[in-house]
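Spelled out, the chains give:
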Amino acid sequence: MKLGQPMDETKVELADTEQEATDPVEFASTKLKERFPDDILDDSRERFSGLIVAVEKVEEIAAYVKDELGFNYLSSVTGVDLIEDNKMEVVYHTYSIDQGGGSLTLKVQVDRENPVVPSLIDTWPGADFQEREIWDLFGIHFEGHPDLRRIFLWEGFHGHPMRKDWKEPFFEADQKPFGSRWPSGNITRAEEHNPYGKNVKYPENWTPENVDFEVDAKLYAGVAMTRDAVPGLKTDKVIVNLGPQHPSTHGVFRMVVTLDGETVLELKPVMGYLHRNHEKIGERNTFIMNIPYTDRLDYISSMSNNHGYVLAVEKLMDADVPERAEWLRILMVELTRIVNHAWALGFLLNDLGALQTPMLYLYIERELVLDLFEETAGSRMMCNYMRFGGVAYDLPDMVRVQPTMSFLDDLINKRLPKALDQLDRYITNNEIFRSRSIGVGYLSPEDAVAYSTAGPVLRASGVPYDVRRADPYSYYEKLDFDVAVRYNGDIYDRYLVRIDEMQQSLRILRQVMGYIKETEGAPILSGKAQYAIRVKGGDAYGRVENPKGELGYYLMAKRRASSPDRYHIRAPSFINLTPLGKMAKGHKVADIVGILGSIDIVLGEVDR
Amino acid sequence: MYGVGIVKGMGVTFKHFVQTYADDLFWLARGGRYYNDEALDVRQSLNGRGAITVFYPEEKLPVPERFRFIPFLVTDDPLPGQHWGHDWCTSCGICAKVCPPQCIWIVRGKLPNGRPKPEPEEFYIDIDICMNCGYCVEFCPFDAIKMDHDYELASYDRSTAHIHDKERLSKPISYWREIANKRASAEEAARELAKASKGKRRTKGDQTKPAPTLSDNHARQLPYRGQG
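Chain order of the listed sequences is C and E.
If you're matching positions, the first sequence starts at 1459 in this note's numbering and goes up one per residue.
If you're matching positions, the second sequence starts at 415 in this note's numbering and goes up one per residue.
Just so you know, the hints here were simulated from the structure itself, not pulled from any lab data.
Any given hint could turn out to be false.
Said to hold, decoys possible - Derived Cβ-Cβ restraints for the label pairs, each shown as a range: (1) C/S1864 - E/P532: 18 to 28 Å; (2) C/P1861 - E/E472: 41 to 51 Å; (3) C/I1890 - E/K429: 43 to 53 Å; (4) E/T427 - C/P1861: 25 to 35 Å; (5) E/K429 - C/R1968: 21 to 31 Å; (6) C/G1719 - E/N450: 32 to 42 Å; (7) E/P532 - C/N1871: 50 to 60 Å; (8) C/P1653 - E/R444: 44 to 54 Å.
Glycine is no exception: its CB is placed at the ideal position from the N, C-alpha and C atoms.
Based on the provided sequences and hints, a complete structural model is requested.
Shown next as structure tokens:
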């Protein structure tokens, strides 16, 4: 099926019958094993899934998986440090855009001392940033990657921090809780152990004063400063650093732009200014401790961040979730989607010159939703609401001065639809906005899939892929809604697709309201509330359709472990930035800001 | 026609502009739109119209019961003539173990014979590190630690003022009842119930009667309803 085209009816039927016969993933892995009998093994570790692939054949197998088996969407690439086996592992999660369903997981294991894996950037350009991330954090070298630089950390950073034997300067123990806190917890501050000026370790033969070490040399490499654009007229190419301190970047994000006059020739994103190595912290934490940390990833949509994480851990635990908890989760997550899109569109319009006013109008409704979050979970943004096997709190009696159910009724049936209509009247047909956004930042459907974009960016390019439909989780199967999709792949369509999604969220919320009323008084947590959770182990990939795109959590744990061995986040904002350079090419400087705004990033999630 | 979209959009702006003044007029005879609790409640609700700015710090939004900020330790109300009430904390250490950023430090009390005493000798929370997640409260078996509602903690010196010691953390139970009345009474009911069922089990296990449960109204105030 050609992407972006309406589905051919006969083909749909065909696909249906095929699916009934076998699960697409099983079918694909059988085929793969037939084709490469000597190079593929099942992952035989207990409760692990996926296929272990020979490192020599990985490029060939990837091309086969993509072109012949139809698993054309590389969702996540991550490294794992298997220190006990003295191996490094790279895990690829691939999905089929056309067939939906689960993942075909490929794993490559290499020697830990000198790990080299062929880069898959030719097959999936979306592997670009993710492979750089793995190089940065694990030190796995990707052969054939054209631009294998560190992505989050700087060149003066010593070592690769996600390796299990790497320890931070304020290292206390491998796992929390730390013994120093109780029973004899005489307080000391981290800076006492770790005084300023002595807390940094540099690579060998490197000092901060060493002028020979040019930090950004690789970044600026390959830019020739002078050329003849017009015969006879000598013009300079100019490099401009947009950011890191620049309001249009929505945080601390830098774009190195090579310009010819006003026109963008090349754009390289530089990130990591907000990097805190969330994943390393997550591997020190026990399972439950990670929930409030996930709030701080994409801090606009903390509720849905919680959701992805608890789904992944519930897979490791085999936990059930009571009915009311599922409905409460969907209620909160869909409200979060509206909140997020209201924020995203407000800032997009801000970036395009409609300064502040539309944003503040959208905030009015956002504040009301946050009121509900605050009354329910205790915090407006850092909700920390979901738990393994349920949620923490039931709905409150009152939201400010109104009973909760009537508040929800009014919010969902009156206030939010009115606000969306108002937004539509306010901006959608605004001629200035249209001329700034239509045709700008085009991303073709083929590129959108190849670059692993997700969420509204993918769907605005005409690819009707939504995890809630393609690989349903929670109770989304029982709900009636459409996957919002637009076909032009420019800023304007990304705007429209977000409005469509908010409308669909309202549709979901109206259905959920009925279930919430029905299940009044039912339990919201299965089992007993526990803080020392032990899992059954294995690996699990929990993914949800976050407002910004597919958010995935890859977890690995031993049997009866209290904290994960590997905790990886497939961050949609981060991966959606991969095609930014491509989208911006040929446009003007002022358009970059709009294009970045239309991707909708949150730096807490990009940098992690 | 070019420009129609812009004009329509300006209509929306104009409506918002007028609404604030209309609301001003509406509240004129009712005590004013600002610095008036009644007006603030309406302004911040679904019926709010126009600009919804809160004039902090002159005006403050009431925080909900479940609002969580830096924890405090619950003590008994001090007896007349006494400064401190009895600590509810038994220094069991669950809060320190569950704390995600590990900001709770407890020195367990000791009896003269060297055995642990169910009372904290010292209790510290580093509020620079605390992430206000509320786990310490959720998992405290003695209702001895609660999340505070006092969010105005700015100070001049980070290195000393931001480590709260036991004296700074301790607040009487009457304070908790004041800021979270419904929750406090639900917790009281739950404690009573636990006490009663414990006593009954000791005397005579009457299996025919269903075990008494918390009323629905109380149960919904507490976290993890339905556990058991």
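Kindly indicate which numbered hints from before are broken by the structure, ordering the numbers from low to high.
Of the numbered hints, 1, 2, 3, 6, 8 do not hold.
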